[in-house]
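Given chain A, put chain B in place with the hints provided.
Number of protein chains: 2
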Amino acid sequence: MAERLQDLTTPCLILDRQRLARNIARMNDRIARLGVALRPHVKTCKSIEVSRLAAAGHSGAIAVSTLAEAQFFALAGFTDILYAVGIVPSKLPDVAALNAGGDSIKVVLDDPRTARELARWGVRNGVQIPALIEIDSDGRRAGLDPDDPAVIEAASTLADSPGTRFLGVMTHAGASYDCRTTDAIRDMAAQEARAVVAAAENLAGAGLPCTIVSVGSTPTALFADALDGITEVRAGVYMFFDLFQVGLGVCGIDDIAVSVLATVIGHNPRLNRLIVDAGALALSQDRATAGQITDQGYGLVCDAQTVAPIHGMTVQSVNQEHGLVTMASGKLDFDRFSIGSQLRILPNHACMTAASHQAYHVVEAPGGPATEEWPRCGGW
Amino acid sequence: MAERLQDLTTPCLILDRQRLARNIARMNDRIARLGVALRPHVKTCKSIEVSRLAAAGHSGAIAVSTLAEAQFFALAGFTDILYAVGIVPSKLPDVAALNAGGDSIKVVLDDPRTARELARWGVRNGVQIPALIEIDSDGRRAGLDPDDPAVIEAASTLADSPGTRFLGVMTHAGASYDCRTTDAIRDMAAQEARAVVAAAENLAGAGLPCTIVSVGSTPTALFADALDGITEVRAGVYMFFDLFQVGLGVCGIDDIAVSVLATVIGHNPRLNRLIVDAGALALSQDRATAGQITDQGYGLVCDAQTVAPIHGMTVQSVNQEHGLVTMASGKLDFDRFSIGSQLRILPNHACMTAASHQAYHVVEAPGGPATEEWPRCGGW
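As they're listed, the protein sequences go chains A and B. Counted from 1, the first sequence has number 204 at position 204 by the numbering used here; the numbering is strictly sequential. Counted from 1, the second sequence has number 48 at position 48 by the numbering used here; the numbering is strictly sequential.
Derived by calculation from the structure, the hints in this document are not laboratory data. Hints are supplied without guarantee of correctness; some may be wrong.
[Stated by the list, open to error] Quick look at which bits of chain A chain B covers, simulated, 3 or more residues with Cβ under 8 Å:
(1) 82-92
(2) 121-129
[What the hints assert, rightly or not] Partner residues are not named here, just some residues of chain B that face chain A (Cβ under 8 Å, in silico):
(3) D286
(4) E321
(5) T326
(6) M327
(7) A355
Just so it is clear, CB atoms sit at the ideal spot from N, CA and C, and this is done for glycine as well.
Isolated chain A (complex conformation) (with noise of 0.2 Å):
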C-alpha cells in the first residue's frame, strides 16, 4: 500500500521512520548513560506505533495526558501508564476500571484534601488507587513545595489507606523550555532533580520510601549532568522534534520527525504571498518560536521531497484551512511553487501540529513513499 507523497490528501502529517528512530536512539543514549529508567511521554505521539518503538529496550512504562490515551495504551498492551496530569476524583471510574486486571494506571496529586478523597473513594469501591504526589520543580504550574508538609501529609493518607498505595513523587520543569543556553537547560535539570530528591528525601525520612523519582522534559533529559537519586526520566517530544526545540538548541531542523505536507492553492503575487491548504487546523495557532531569536511563523516552509528549508519561507498567517506563506526577502518563484504543487511544513510545536491529524503517513526517506499508516488516539 505504498503512497507516493503527491498521492495524498493534503494536509496531512508525514512521519519520518529514520529520524524517529535516530532521535529514539539519541535519548536512549543519553538514559543509558544517566542510569536511569526511561517513561516516554506519548502525549505527543498518541501513536501505539511510535510508542512501542520509544519503550523498546525499556520497562514497557510510559506517561499520558488523558483518560482517552490511558485507555487507548492500555488496550494495546501497556502495563505501567502513568497519567500525569492531576487527577480528581470524577476520574476514578475510569481509572479503576482500566485497572481491574492489575493496577496499570497511576496517577498524580498535589493536595491532602485529593489523596483524602482518592483513600475513600478506594475503600468505598473495594480497590485501590497507586499514586505519585506532584512536586513544583520551577514556580510554574502544578505541584507541592518539596519541604511543604503537606507532601508527608499527602503521602501518609495514600500509604496509610487500604484505598491508594502510595508509589513516590515526580516533577515536570517547563521552565526548561524558557532556557535561552543549553547550559541553562542543565541548570534547570539540576534544579528539577533537586527538588524531587529533597521531597523523596523527606518522605523516606518520615518512614514513606519512594518506589518512584520521577522527572522529565525532553530538555532536560538531553541535558542533565548526572541524575543521582532519580529513578525515572519522562520526556516526549524529543521523538519528533520541532522548531521551538531547535530554538532551544536542543536539536537540529534535520531531526524534526514531523511535517505536514501540504498543497499550494493559490497565489498572490501583489503580497509575494503563496495559499496552501495547511491553515490553523493542520499546522496548529502554536507561536512557541514567536519569542526565540527565529521567529519560524506558523512553521517553516520546505522542499516536499527533500525537507530541505526554502531560504527564508515561513507560514506567515493562519485562517481556518489557509496558510498564507511570505518569504523574509526576495520575490517569490510562483513558477515554481505552481498551483497543485507540493510543500512540506515543519511544526512549532509536534504535539499541538499533530494533535489535529487522525494518523501519521510513515515514509522511509524523506521524499516517500509512505509505505504505513498508523493512527492517533484523539478526544478525551
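Just chain B now, kept in the frame of chain A:
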C-alpha cells in the same frame, strides 16, 4: 441517556440548544429581510444535527472547508455543497466520486490555469465539475480582483469546456474581522457585495451570466444594509458565536452557545491561580481577542451551572492539557473553586475550540443535563 454535567468526563464541549436556536433564528430573520438565500458554512459546527437546524427553511445548501466535511455531509444527504477553499487537481477524484450521483460538490478557483486543468481533467474522466470563481473583496487572502481579465478568462474556460460548468462568483471579506464598529462592518458588507457584483456584471457583459453570486462572513451577513445583486450569503460562526464576535459587537456574551466544561485539578495560592483540565487542545491556542479592547486570554471562565462569567476570571495560559486560570484583580476564592469542582469556559474562537472535540454534549438549559451527543467530523 440524560447525563448530569457533573457526570461528564472533562474537558468536553457543551452546546446550548436554546442559544443555538436563537442564533439561527436571528440569522434567518436577517436573511429573509435581505431577500437572499442562506448557505450555512458548516466548518464551524462540523455537525449534521447543527447543520440541519441551520439549513431548515432554506434550500439545504451548505458550504464546507475540507474534503472530509464534503464527504461527511454528502453521506448525510446534503446535495448542494460548496467546497469553499481553492481546489487543486489532486482533489478532483474525490470530488468526482462524490458527484457521481448528481453534482452535489461545487468547487472554487481563482486562476485561469486551474480552470484549464479542471476542464482537461473533467473531459479526460468524462465528468463535469461545477465551479465558481473566487473574487478578492478585501485584499487579504485569495481571489481575483473583480476587474482582472483573468476572471472572464477563467469563467470562459469553465463555461466552454464539457468537463466543467461555470456557476458564478463568490467572495469572503475576512477583513470584517478587523472592524472596530458595526458601522465599519456595514461598510465592509457593502464593499464585499460591490466586489462580487462588479465581477458578475463584467461576466454578464461578456455573455457569462452567474447563477450564484455569493458573499459571506458572519459580521457582514448580520450588518449588511442591502445585498442587491447577491444571490446567497455564507456564514458559519453565527450559529455558536464566541468571545471574538462579542468583541466585534456582533453579539452578546449570553448568545455564545458553545462552552468547554472543565474541572479544577489544582490550586496555586502563591500565584493566585487555579489549574483546570482544559488546556491548549481543549480550548485551542486561538488568541483572537488579544487585539480587541477586552483580551479574554484563552477563554472567559464562567459558573458551570449558570454560564455567568465569574468576575475577571480568564484562562491566562495553556499547556497541552493544563489551563491556568487567574483573576484580573483580587484574590481567588479557593474554597468555592475546590479541586474537583467544574467551570465552563467560553471560547475566543468557536471554530478552533470545537475542532479538538469529537462531539457536542447538548443541553436544553444552561445547567444541563446533556440529553444528546452530536458527533463532529474531523481530519481532512
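Would you list, in rising numerical order, the hints stated earlier that this structure does not obey? 2, 5, 6
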